[in-house]
Structures are given as C-alpha cells and as structure tokens.
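**Student:** Each chain is listed here by its residues.
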Amino acid sequence: MSATLKVRNLEASYGAFKVLHGLDFDIAEGSVTTLLGANGAGKTTTLRALCGMIRRSGTIEYEGRSIANMKTEDIVRLGVAHVPEGRGTFTSLTVEENLRLGAMTRSAGDGISGDIDRIFAFFPRLKERASQQAGTLSGGEQQMLAIGRALMLRPKLMLLDEPSFGLAPLIVKEVFAILADIRENMGVSMLLVEQNASLALELADQAYLIETGSIALSGPAAEIRDDESVRASYLGY
Amino acid sequence: METFIQQVLAGIATGGIYACMALAVVMIYQAIHHLNFAQGEMAMFSTFIAWQLLQWGIPYWLAFGLTIVISLIGGYVLERSVFKPIHNAPVLSHIVIFIALFAIFNSLAGFIWDFTIKPFPSPFGNAPLFGGGLIGGHQAGMIIITLVVLLILFAFFRYTRVGLAMRAAAANPESAKLVGIRVGVMTGLGWGMASAVGAVAGILIAPVVFLEPNMMLSILLYGFAGAVLGGLSSPGGAVLGGFTVGVVENLAGTYIPVVGAELKLPIALFLIVAVLVFKPTGLFGQRVVQRV
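Protein chains in written order, with our numbering: chain V, 1 to 237; chain P, 1 to 292.
Because the hints were derived from the structure by calculation, they are not lab data. Keep in mind that this is a model prediction, so the values were computed, not measured. Among the hints, a few may not be true.
To be verified - Result set (DSS-like, lysine-lysine): computed pairs, CA atoms no more than 30 Å apart in a straight line: (1) V:Lys173 to V:Lys71; (2) V:Lys18 to V:Lys6; (3) V:Lys18 to P:Lys84; (4) V:Lys71 to P:Lys84.
What the hints assert, rightly or not - Here's a subset of chain P near chain V, in silico, CB distances under 10 Å, partners left out: (5) Ile73; (6) Arg80; (7) Ile117; (8) Lys118; (9) Pro119; (10) Leu178; (11) Ser233.
Just so it is clear, CB atoms sit at the ideal spot from N, CA and C, and this is done for glycine as well.
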C-alpha cells in the first residue's frame with residue numbers, strides 16, 4: 001500500500017517553545033492511523049502543523065507532493081479535512097449552512113445538495129435540526145456536524161482531533177461506529193488523535209505513541225493493544 | 001396628521017441613509033471587531049468621485065455605477081494594504097489608523113476639490129409626489145434605492161456561496177480556513193462592500209446636505225446610533241436601527257419644541273448612551289458568551 005501521508009522530521013514550536021522534536025510517521029492509503037499520548041504530548045500540535053495552522057519545518061508529503069510550505073486553505077483544497085479540537089462549529093450559522101461550508105472548495109453544481117442529503121441520512125439527528133443554529137446543538141451533535149462538514153469536502157484524508165472529547169460514553173460509541181462506517185464505505189484515510197486509547201486502538205490499523213513531542217513507540221494497532229507492558233506503561237489501562 | 005405622515009416619511013428617507021451607514025459599520029465590525037470611524041469620510045470621498053465623474057459629463061446612473069465599483073475596489077485595496085498587516089495589532093493601533101484615514105480622506109478631498117460647498121444633482125428632482133406634498137421626489141427615490149440596496153445585500157449574504165463564505169469567515173476565521181475559505185480575501189471583500197454601501201449613502205444624501213468634505217460627519221454619527229441601537233452583531237438590527245433613528249430624529253425635531261433643528265444631533269448621542277446603559281447588546285444583538 002502506498003502512503004497517503006508521509007511525515008519526516010516534523011518540528012513545530014509555539015514562539016520560542018519547541019513542541020514537536022522531529023516526528024516521523026506514515027499513513028497508508030485507506031487506513032486509520034492513531035496518535036496516542038498524554039495531555040500536552042503534542043498530538044493536537046501535530047495535526048495543526050500538518051495543515052499549516054502553525055509554523056512547522058520538516059517534510060510533509062501528501063499523495064507524493066510536498067505540502068510543508070502550503071497554506072491551510074490550499075491544503076484543504078487537496079482533500080485534507082481537519083475536524084478540529086473543539087469541533088470548530090460555526091455557531092451562529094444553521095446546521096445546513098455548516099454543512100454547505102464544508103463543500104466550499106468544490107465547484108457549485110457538483111452534487112453538493114445530494115451530499116447534504118447523504119450526510120442527513122447518515123446523521124438523522126442533524127436533519128431534524130437542519131435549520132437550527134448550530135450553536136444550540138449538543139456536544140455529540142456538534143461532533144457529528146463537524147464530521148459531516150469534513151465529509152462534505154469529499155476528503156481523501158481526515159484529521160480527527162479527539163472526537164470523543166467531552167461526550168457521554170454512549171455518544172462516543174456512536175461517533176466511533178460512524179468513523180468505522182466511513183472507513184469501510186468511503187475509503188477515507190484517517191489520522192485520529194485520541195486520549196481514549198482503547199477506543200482508538202480498536203478502530204486503528206497503525207498506532208504511534210507520542211511522548212513530549214517525539215514518537216516513543218509505533219506498530220500495528222492490534223499488537224500495541226495486546227501488549228500488556230505497553231498498555232501498563234504508556235496507556236494506563 | 002399630515003405633518004406627522006410627512007415627517008415620518010422624511011424620517012424614513014434619511015433613515016435609509018443612516019441604515020446604509022450603520023450596515024457598513026456593522027459589516028466591518030463583524031469582520032475585524034473594530035468600529036471604522038473613517039466610514040463616513042470614505043463615503044464622502046466616494047461621493048466626490050461621483051461628482052467628478054458627473055462634472056466630466058458622464059450620465060448620472062453610469063457615474064453612480066462607476067462610483068460603486070471604484071469604491072468596492074478601493075475598500076478592498078485599503079483593507080489589504082493598510083489593515084491586513086496590522087490585523088493582530090491591539091485596539092489602539094486600529095484606532096490610530098482609523099483616525100489617520102479620517103484625516104487623510106478629509107483633507108485629500110479638500111485638497112483636490114476644495115472646501116467650498118457644492119450642489120449635487122438628484123435624478124429624481126424635488127417636485128412633490130402625489131400632489132399633496134407628502135413626500136418629495138428625491139426622498140421617495142432615496143427610500144426606493146436604499147431598500148433595493150439593502151434587499152440585494154440581504155439576498156447576497158443569505159443565498160450566495162460567497163455570502164455564506166463571508167459570514168463564515170467573520171464568525172469563525174479559524175474554522176473558515178479549515179474548510180478552505182480565504183479569510184483575508186473575504187475580509188477585504190467585506191471592506192469593499194461596506195465602502196460601496198457607504199458610497200450609495202453619500203450620493204443619495206449629497207443633494208440634501210450638499211457636497212463638502214465634512215458632509216458625512218453627522219450622518220455617520222446617526223449611523224453609529226442606528227448600529228448601536230440595533231446591535232453591532234446584527235446587520236438586520238443595524239438597518240432597522242438606522243431607520244428608527246431617522247424617524248425619531250425627525251419627529252423629535254418637529255414635535256419637541258426645545259429640540260428643533262439645532263438639537264437634532266444630540267438625539268443620536270443620547271440614543272447611543274441610553275442603549276449602552278440599558279441594553280448594551282442593542283435591540284437585536286446577541287450577547288457574546290465565552291465558554292471557559
């Protein structure tokens with residue numbers, strides 16, 4: 001399998017404070033890769049660095065072309081959808097407008113309304129609230145909206161930042177079932193950042209463990225999941 | 001009764017101008033969260049451009065359209081060249097630049113076209129309509145054109161993709177980038193449209209207040225009052241606020257003997273203070289609640 005994303009020696013800093021110290025990782029086409037690690041390890045920073053929301057250096061190759069010097073808006077145009085920390089909802093706009101915004105980089109005719117119907121079929125609860133202000137949605141609904149908005153791009157790669165954050169366990173299950181469904185049926189590659197390691201490892205094919213800005217460990221998700229010592233020392237469950 | 005209707009209609013006519021200025025102010029406020037003090041001077045400058053085009057013998061409506069296009073481009077270029085570099089700068093830097101722009105546009109207009117008061121033509125004439133003299137031709141024209149402009153803007157923001165992108169860029173710039181919107185371009189476009197709306201207001205009010213570099217000073221103040229009354233976070237509210245200020249100003253001038261024509265302007269200031277004291281978000285604004 002060829003790599004959708006190839007990252008070498010990725011570094012990033014906030015001001016003078018260096019957060020990422022040369023990360024190397026790959027995302028195979030159509031696979032789910034997860035980045036695990038404690039609070040402050042640099043997971044969110046990695047996602048932000050990948051799509052140019054902060055200054056970064058190193059090699060970032062997406063589908064064989066370098067995106068290390070590209071602006072966020074241009075990276076999105078290549079089919080990279082970022083579901084950000086905090087879900088990035090346009091709270092003052094309606095649910096449907098939020099979804100339409102996801103397709104902003106596609107040309108106007110291009111089956112956008114059809115895609116909205118598909119998303120609504122996928123998330124019936126969003127359909128019920130289509131003309132409601134998105135800020136009035138619950139956390140779980142906003143997470144679904146964020147995923148729906150990302151899908152509207154018809155992405156080839158999705159970057160997901162803690163989709164389980166702040167959600168009730170039942171809703172978390174629902175969201176992860178949806179992600180599994182997307183992987184099965186749409187062939188979207190995913191980079192999943194999670195604190196909930198057991199959930200993430202269940203969905204993922206490949207896992208990387210980040211510790212204070214460098215990769216401490218990597219391997220197939222199943223192996224890491226089954227390795228008692230890794231679980232005890234890194235994942236704490 | 002007839003005086004009353006007359007005054008209300010006249011209030012709606014000038015209110016439309018205030019509504020345009022209020023909307024221009026709110027459009028920029030939404031995008032960069034600062035009040036553009038120079039909005040009125042930009043509108044005045046646009047009006048001088050229209051006057052110049054008319055002096056060169058260009059027909060009224062062509063000059064009208066050209067001025068709008070020039071203002072649109074001018075507003076865009078102004079944002080990209082002056083405000084883009086300082087968009088992360090503190091409030092004071094913005095205020096200083098607004099004051100500088102105010103002074104520059106004002107004196108530049110005086111320098112190019114001098115400070116003498118000039119008449120400005122109206123395409124509608126001033127003959128009273130409907131025989132009864134309830135409303136003058138130019139006033140009726142003002143109402144119609146401002147309503148058309150406001151409707152076009154409403155449709156643009158509500159039903160077009162660019163309009164949606166502009167709203168998204170103003171509401172949540174970071175997320176907007178993540179769906180591929182060029183936020184900077186949208187901000188520039190917002191400035192362009194605001195200055196185009198201001199140009200319409202200037203051209204329409206010029207036959208009433210006459211053309212000179214300080215013509216928009218009080219108009220902008222009424223526009224601010226309208227924007228504050230309606231709520232700075234609500235474009236629709238700002239428009240309604242503008243119309244309300246126009247009507248209130250006119251009725252107060254007519255029916256409250258103390259106020260008369262001389263004390264009309266303080267009514268705008270009084271409104272601003274009253275709204276800020278009793279309902280700081282304005283009639284239609286949303287309270288910004290920050291989650292921590």
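**Student:** Against each hint, give a clear statement of whether it holds in the structure.
**Tutor:** Comparing the hints with the structure gives:
no.	hint	result
1	V:Lys173 to V:Lys71	violated, 34 Å
2	V:Lys18 to V:Lys6	holds, 21 Å
3	V:Lys18 to P:Lys84	holds, 28 Å
4	V:Lys71 to P:Lys84	holds, 16 Å
5	Ile73	violated, 23 Å
6	Arg80	violated, 16 Å
7	Ile117	violated, 44 Å
8	Lys118	violated, 43 Å
9	Pro119	violated, 44 Å
10	Leu178	holds, 5 Å
11	Ser233	holds, 9 Å
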